[in-house]
Amino acid sequence: MNEFYIIILGLIAVLGVISVYIKKSPFDKLIGLAIMMGGVIPLIVLKGYLDVAILVAIIMPLTTIFILQATGRNTDES
Amino acid sequence: MNPELILGFIILLAGVAASAFPRERDYISRLIHVEIAGTGLMLVMLAYDETIAILTFVAVTAIATIVLIRVIERGEPCD
Amino acid sequence: MIPLYDAAMIPVYICGIVALYAVIRIVTEKKTLKKLVFLNVMNFAITGLIVLSIPDIMALFAGIAYFVGSTLEANAIASTYAGGKTNE
Chain A
74 MNEFYIIILG LIAVLGVISV YIKKSPFDKL IGLAIMMGGV IPLIVLKGYL DVAILVAIIM
134 PLTTIFILQA TGRNTDES
Chain B
-8 MNPELILGFI ILLAGVAASA FPRERDYISR LIHVEIAGTG LMLVMLAYDE TIAILTFVAV
52 TAIATIVLIR VIERGEPCD
Chain C
47 MIPLYDAAMI PVYICGIVAL YAVIRIVTEK KTLKKLVFLN VMNFAITGLI VLSIPDIMAL
107 FAGIAYFVGS TLEANAIAST YAGGKTNE
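Listed in order, the protein sequences are those of chains A, B and C.
Mapping to this note's numbering: the first sequence position 38 is 111, numbers consecutive.
Mapping to this note's numbering: the second sequence position 16 is 7, numbers consecutive.
Mapping to this note's numbering: the third sequence position 71 is 117, numbers consecutive.
No wet-lab data here; the hints were simulated from the structure.
If you're wondering where the values come from, they're calculated on a predicted model, not measured in any experiment.
C-beta: ideal position from N, C-alpha, C; glycine also.
A hint or two may mislead.
What follows is a list of derived Cβ distance ranges for each label pair [to be verified]:
hint	chain 1	residue 1	chain 2	residue 2	range
1	B	P13	C	A54	19 to 29 Å
2	A	L84	C	P57	17 to 27 Å
3	B	E15	A	E76	30 to 40 Å
4	C	I60	A	V87	14 to 24 Å
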């Protein structure tokens, strides 16, 4: 049971990192960041730190929204 | 060895290398790559049994990202 | 060491395979708006993996927090991307 989780989640996290590095648009980079966080948070739950997992899951969209403020400012400059 | 430790070191090295040599040379791309390196370091710290250290590290990383976003919005764009 | 057929492990296998398929579709997709649809699929599958992982009551709250946060994040990306295109 545990090996299946480790293989699937490690593959998802590494694919997310590769997707962040390859793509050039900032929106695609943020989607890759969401993929990588989706691979990392079940590993924290599997280790047993439930409070850390809840804190990371609450803070993750907050950081993304604050980065989106800087990217969205460039598109509708007029 | 621990699987989280190996995955954390892989993600940390990939994040540091991608942050040092990015493909797009602007500030936002570099900031997102720094975020990858922070996640890898959090995964390395997960292998040891310190809960308060991980909580403090996650909160301070988020605050530092917000401050850096404020700095990037004010400054002029780089080359 | 892993038993190949176990009746209690079938939902976990289904969630893992769906998550991996969604990630592969996201990486090999060109348009951003088609990418966000499969990001939502991956969020559902990862929430299933979190809830099915350990038999503890706090895992339900972790799943709830991850589901709300990731859905908010995906919709914020989609809203900013579409709003930037239409207002211009």
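**Request:** Take a look at whether the Cβ-Cβ distance between A/L84 and C/P57 falls inside 17 to 27 Å.
**Result:** 19 Å, holds
**Request:** Could you check the hint for me, namely that B/E15 and A/E76 are 30 to 40 Å apart, CB to CB?
**Result:** 38 Å, holds
**Asked** So the hint says 19 to 29 Å: do the beta-carbon atoms of B/P13 and C/A54 match that?
**Response** 45 Å, violated
**Request:** May I ask you to test the hint 14 to 24 Å on the CB atoms belonging to C/I60 and A/V87?
**Result:** Since the Cβ atoms of C/I60 and A/V87 sit about 22 Å apart, the hinted range of 14 to 24 Å holds.
In terms of the numbered hints stated before, the structure departs from hint 1 and from no other.
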